[in-house]
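Asker: As a plain string of letters, each chain reads:
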Amino acid sequence: MSLPVYIGAESIISSLGRNAAVNFKRICQGLSGITLHKQLGWKESDVYLSRIPELPERGKFLHLLNAVLDDLHQGWDADMLSSPDTQVIISSTKGGISDDLKNPFHPAVTALVARYSLVNRPLILSNACISGVIAINLAARMIRNELCRHVIVLGCDLISDFILYGFQSLYAVSDLPCKPFDQDRRGVTLGDGCGRVILSRDKSTFSSKPMVYLGGSDANDANHISGPSRTGEGLVRAVEKALIASNVNPDQIGFINAHGTGTLYNDEMEAIAFHRLGLDSIPLNSLKGYWGHTLGAAGVIETATCLQSLRNGILPASLGYENPGTTKPLHILKDNRPFDGEIILKTASGFGGGNAALLIQKE
Amino acid sequence: MASNTLKEELKKHIIEQLNLEEVRVEDIEDDAPLFGEGGVGLDSIDALELIVLLEKYYQLNVTNPEEGKQVFYSIETMADYIEKHKS
Amino acid sequence: MKEKATYCRMNPHGVFVNGRQKVSFNEIAVEDALTEMYRNLALEYPKFYKMDLLSKVAFLGVELLKTVDPSLVSTQNDDQIGLLFANSEGSTHTDMRFQESYLVDLLPSPSLFVYTLPNIALGEIAIRNKWHGAHMFAVFPNFVPVYYADHGKIMLEEGAKVVIGGWLDVREKLDALFFVMDEGLVNNRENILHFVSKCYSN
Chain A
1 MSLPVYIGAE SIISSLGRNA AVNFKRICQG LSGITLHKQL GWKESDVYLS
51 RIPELPERGK FLHLLNAVLD DLHQGWDADM LSSPDTQVII SSTKGGISDD
101 LKNPFHPAVT ALVARYSLVN RPLILSNACI SGVIAINLAA RMIRNELCRH
151 VIVLGCDLIS DFILYGFQSL YAVSDLPCKP FDQDRRGVTL GDGCGRVILS
201 RDKSTFSSKP MVYLGGSDAN DANHISGPSR TGEGLVRAVE KALIASNVNP
251 DQIGFINAHG TGTLYNDEME AIAFHRLGLD SIPLNSLKGY WGHTLGAAGV
301 IETATCLQSL RNGILPASLG YENPGTTKPL HILKDNRPFD GEIILKTASG
351 FGGGNAALLI QKE
Chain B
364 MASNTLKEEL KKHIIEQLNL EEVRVEDIED DAPLFGEGGV GLDSIDALEL
414 IVLLEKYYQL NVTNPEEGKQ VFYSIETMAD YIEKHKS
Chain C
451 MKEKATYCRM NPHGVFVNGR QKVSFNEIAV EDALTEMYRN LALEYPKFYK
501 MDLLSKVAFL GVELLKTVDP SLVSTQNDDQ IGLLFANSEG STHTDMRFQE
551 SYLVDLLPSP SLFVYTLPNI ALGEIAIRNK WHGAHMFAVF PNFVPVYYAD
601 HGKIMLEEGA KVVIGGWLDV REKLDALFFV MDEGLVNNRE NILHFVSKCY
651 SN
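Chains as they are written, first to last, in the numbering used here: chain A, 1 to 363; chain B, 364 to 450; chain C, 451 to 652.
Don't take each hint at face value.
Restricting the straight-line Cα-Cα distance to at most 20 Å, the calculated cross-link-like pairs of lysine to aspartate or glutamate (EDC-like) are [said to hold, decoys possible]: (1) C:K497 / B:E385; (2) C:K497 / B:E384; (3) A:K102 / C:E550.
In silico negatives: residues of chain C with every beta carbon more than 12 Å from chain A [said to hold, decoys possible]: (4) F466; (5) Q471; (6) E481; (7) E494; (8) V518; (9) V589; (10) E608.
Just a few of them, taken from the derived set where beta-carbon distance is under 8 Å, the chain B residues facing chain C [claimed, not checked]: (11) E379; (12) N382; (13) I408; (14) V415; (15) K419.
Rather than coming from a laboratory, the hints here were simulated on the basis of the structure.
As the structure is a computational prediction, the values presented were derived from the model and not from experiment.
Built from N, CA and C at the ideal position, the CB exists for glycine as well.
Put together the whole structure using the sequences plus the hints.
Answerer: Below is the structure:
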């Protein structure tokens with residue numbers, strides 16, 4: 001029987017606010033942080049983005065990591081930050097690339113070590129859009145294998161010309177705020193994001209009641225480096241393995257927070273996968289309509305939101321969704337819904353054919 | 364009917380831009396489908412690079428991948444599109 | 451524990467498999483030498499030419515491991531081979547080329563953009579071999595043997611039968627290492643740390 005691992009002390013910094021409670025309140029009010037930004041795109045195109053306001057001109061990446069660690073004491077015993085039993089994992093795709101293309105991660109990590117007297121150098125995970133979920137799964141594994149007692153998982157990514165022009169070159173950016181799973185969806189909306197969750201063996205280190213991390217896994221499609229598998233093979237395997245690792249049956253899942261980016265192919269793949277898994281009647285949403293696709297931060301921010309759902313007993317609507325747009329129908333929430341369920345499944349899929357899943361349970 | 368020079372030039376550009384290293388100009392037939400099995404075997408990323416190629420060498424703007432499907436069907440259709448829009 | 455270690459080292463001097471030099475990089479540029487190596491291996495995998503340098507190095511490293519240890523592919527299920535990789539530079543080599551494509555050529559290249567993530571190299575390995583297993587890419591300032599010891603062990607406990615560890619720096623100079631870990635090797639921490647350090651220092 002593996003050690004119980006607790007997960008909590010969540011935080012979210014996004015276009016909608018600087019902590020988890022404020023973000024959750026606003027998304028339950030149906031607010032979105034996505035706005036039109038004139039001439040910011042390639043060839044000065046207008047583009048919908050979700051941007052965190054009041055960031056410094058330079059050093060945004062470090063600024064956000066500092067912010068999310070500075071308010072650690074709001075949810076956790078911050079003295080533990082400098083303990084040898086604590087590990088920080090940072091999930092990010094491009095880090096501080098706008099500051100230094102050739103060195104997007106190391107300067108920020110070095111600064112964090114100094115500022116917070118970290119004993120163990122933070123581990124950077126760069127696994128595309130599944131980084132956040134993989135980071136949380138990794139944290140739990142490190143704890144269960146007694147490599148450490150506490151892991152602070154941070155996810156952080158920022159919009160930059162680099163990322164925006166790249167997605168535009170793929171014709172993957174929607175000309176309207178993204179509409180995950182909807183029949184009129186036209187692509188992603190990019191967003192700045194920074195999130196935090198903490199995993200620990202010790203319940204007592206949390207200020208508010210933590211939830212329970214059950215298990216997780218990941219699997220590769222082995223199909224194409226940027227297009228998802230038509231059969232959803234990787235996602236099916238990731239979820240199946242996650243369920244086995246968590247000792248959970250599919251019918252025990254109360255809610256699914258999917259990846260749902262708003263592209264034709266990703267959302268279609270997820271629908272096929274959830275259908276293959278027999279999960280198509282479980283209430284499901286995507287959160288990307290609220291603060292866009294936050295890339296390396298997504299898995300952390302969205303898991304943080306799932307924790308808020310368990311705390312508050314509410315499932316937010318899948319913003320942007322109006323009409324079914326996938327060949328296999330899903331039970332997608334068009335409105336907020338009260339939730340007295342216990343177990344939530346979180347999934348992510350990304351470039352490189354990666355897919356990851358995790359399960360959390362109300363304590 | 365587009366000129367043979369244009370078609371040959373197109374084939375050279377495609378081989379270079381799409382890193383089709385083991386493909387020679389004479390291996391690509393004018394009317395062979397560029398995409399899918401049985402043809403030249405290009406994929407979805409190649410399709411996007413063809414959009415870039417048209418802009419880079421011919422200053423033409425295929426505005427979205429859907430339009431691209433018809434234009435990029437074969438060397439023949441690409442060359443016809445270029446000839447038609449050049450003037 | 452395996453009698454024979456299976457590893458492949460690539461550095462500015464050439465390519466070494468299990469300590470023996472396979473290719474010398476004397477006068478030829480690294481990319482050309484790697485292309486020649488690909489041709490000599492007669493792999494018939496034209497997708498190789500579309501890959502960026504990071505992916506080419508990763509792809510070839512694993513192919514060389516397979517030539518030395520065919521059991522790598524034949525004795526495992528397709529989700530029992532884990533990929534545990536890291537480097538110091540992420541995908542910077544390709545990042546710079548992508549940035550150039552929009553700053554200098556004024557045409558952002560989609561085929562470069564899709565490689566501006568280091569884990570894509572793992573995706574290419576997975577596609578080539580149809581491996582559906584676990585994979586992870588971390589970024590450290592320098593080579594960290596403990597990463598492979600700790601996380602290789604975890605991967606093996608989580609269902610992998612074999613884990614391929616990798617280090618992939620290509621930007622300033624070629625500095626790559628590929629090695630195979632199994633349960634026997636990782637269960638003795640001293641052994642695994644010694645093994646990994648030794649492979650890297652060769």
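Asker: Determine for every hint whether it applies to the structure shown.
Answerer: Taking the hints in turn, this is what the structure says about them:
no. : hint            : verdict
1   : C:K497 / B:E385 : 10 Å, holds
2   : C:K497 / B:E384 : 10 Å, holds
3   : A:K102 / C:E550 : 13 Å, holds
4   : F466            : 27 Å, holds
5   : Q471            : 31 Å, holds
6   : E481            : 19 Å, holds
7   : E494            : 18 Å, holds
8   : V518            : 23 Å, holds
9   : V589            : 4 Å, violated
10  : E608            : 7 Å, violated
11  : E379            : 11 Å, violated
12  : N382            : 4 Å, holds
13  : I408            : 5 Å, holds
14  : V415            : 5 Å, holds
15  : K419            : 6 Å, holds
Comparing the model with each numbered hint stated earlier shows that hints 9, 10 and 11 do not hold.
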